[in-house]
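Student: Here are the chains, one letter per residue:
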Amino acid sequence: EAEVAQSPRYKITEKSQAVAFWCDPISGHATLYWYRQILGQGPELLVQFQDESVVDDSQLPKDRFSAERLKGVDSTLKIQPAELGDSAMYLCASSFLLAGNQETQYFGPGTRLLVL
Amino acid sequence: AQSVTQPDIHITVSEGASLELRCNYSYGATPYLFWYVQSPGQGLQLLLKYFSGDTLVQGIKGFEAEFKRSQSSFNLRKPSVHWSDAAEYFCAVGAGSNFGNEKLTFGTGTRLTIIP
Numbered sequence: 001e002a003e004v005a006q007s008p009r010y011k012i013t014e015k016s017q018a019v020a021f022w023c024d025p026i027s028g029h030a031t032l033y034w035y036r037q038i039l040g041q042g043p044e045l046l047v048q049f050q051d052e053s054v055v056d057d058s059q060l061p062k063d064r065f066s067a068e069r070l071k072g073v074d075s076t077l078k079i080q081p082a083e084l085g086d087s088a089m090y091l092c093a094s095s096f097l098l099a100g101n102q103e104t105q106y107f108g109p110g111t112r113l114l115v116l
Numbered sequence: 117a118q119s120v121t122q123p124d125i126h127i128t129v130s131e132g133a134s135l136e137l138r139c140n141y142s143y144g145a146t147p148y149l150f151w152y153v154q155s156p157g158q159g160l161q162l163l164l165k166y167f168s169g170d171t172l173v174q175g176i177k178g179f180e181a182e183f184k185r186s187q188s189s190f191n192l193r194k195p196s197v198h199w200s201d202a203a204e205y206f207c208a209v210g211a212g213s214n215f216g217n218e219k220l221t222f223g224t225g226t227r228l229t230i231i232p
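The listed protein sequences derive, respectively, from chains A and B. So the first sequence is numbered by this note's numbering: it starts at 1 and just counts up by one. So the second sequence is numbered by this note's numbering: it starts at 117 and just counts up by one.
Bound conformation, chain B alone:
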């Protein structure tokens, strides 16, 4: 069964500073990988996704993530954070099946706080 580990429960970053959120996955084959963001009391918004090809993927809001098979990682990065980036970030892995992903397995999330 697949699993996702987000080692950082809470990260605090100064506005304008760079950001990296860590994600490690466990899956026997090539995974489908996703990053979602959730503002308080809201649903999940897709930031970016990796299916195949270029291991550096670009997403919305200036985010990018890099798939590293050798490290089983899919870390999320942003060169300069804005106060509006404060939210909960979830990494997810999907397993391919006849119906697509079959199901997504999510990490426990990383809460991002931005300080002035």
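Next comes chain A alone, as it looks inside the complex:
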């Protein structure tokens, strides 16, 4: 069964450092999402891509966060500089669109970030 791949699984960094997360969606999935999940809460959308284009980045803190999906396949999420409040699980999801705008998102295992 095809899965969404993410790396690294865990990342510890010091504040003010740069970090990057990578996501490889399920093959053929045109839509890719990055979510942030703070401990004890549900995931919240950071950015949505349709192929290589950003569809929604309204919740992405653009002063420090950036995301790209250059060839419309895998994606990288970067934080620079990291802050203590960025400690969270970063989840990637991908999906494809069925008839009637029915869409199911499949999630990767996530990257757990700890900022010290």
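Hints were generated in silico from the structure; no laboratory data involved. Wrong hints could be hidden among the right ones.
Unchecked claim - For each label pair, taking beta carbons as the anchor points, the in silico distance ranges come out as: (1) A:61 <-> B:161: 25 to 31 Å; (2) B:119 <-> A:54: 20 to 26 Å; (3) B:157 <-> A:20: 18 to 24 Å; (4) B:119 <-> A:39: 16 to 22 Å.
Note that the structure is predicted; figures quoted are calculated from it, not measured. Even glycine gets a Cβ: it sits at the ideal position worked out from N, Cα and C.
Chain A is already provided as a structure; the job is to place chain B on it using the hints.
Tutor: Only chain B this time, still in chain A's reference frame:
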């Protein structure tokens, strides 16, 4: 804007007993509804989904959910829980758009503990 409420933060159930996790949503049109499960430190796994049609939907691992429009609810049920069902459960609502769901809005989750 859509929203999801999961009123129970933590539920404890005996192994073999029945289970019902509550989910209420707020959305102006017919929603797309999902239940995901998350084991500690892991990503989200899709349990089941509702787009249209039969309001009782079957999912994996013996779970089912019923969409009740009049109550704006999508409660998750299982007739007999197993110790392996212990996890965090998230209800999510999606809004249809040209790109499908546009984005998922998650509840804050319900942690399920199973006792022998």
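Student: Take the hints in turn and mark each one as holding or not.
Tutor: Hint check results:
| no. | hint | in the structure |
| --- | --- | --- |
| 1 | A:61 <-> B:161: 25 to 31 Å | holds, 28 Å |
| 2 | B:119 <-> A:54: 20 to 26 Å | holds, 24 Å |
| 3 | B:157 <-> A:20: 18 to 24 Å | holds, 20 Å |
| 4 | B:119 <-> A:39: 16 to 22 Å | holds, 21 Å |
Figure legend: structure checked against the earlier numbered hints; every hint is met.
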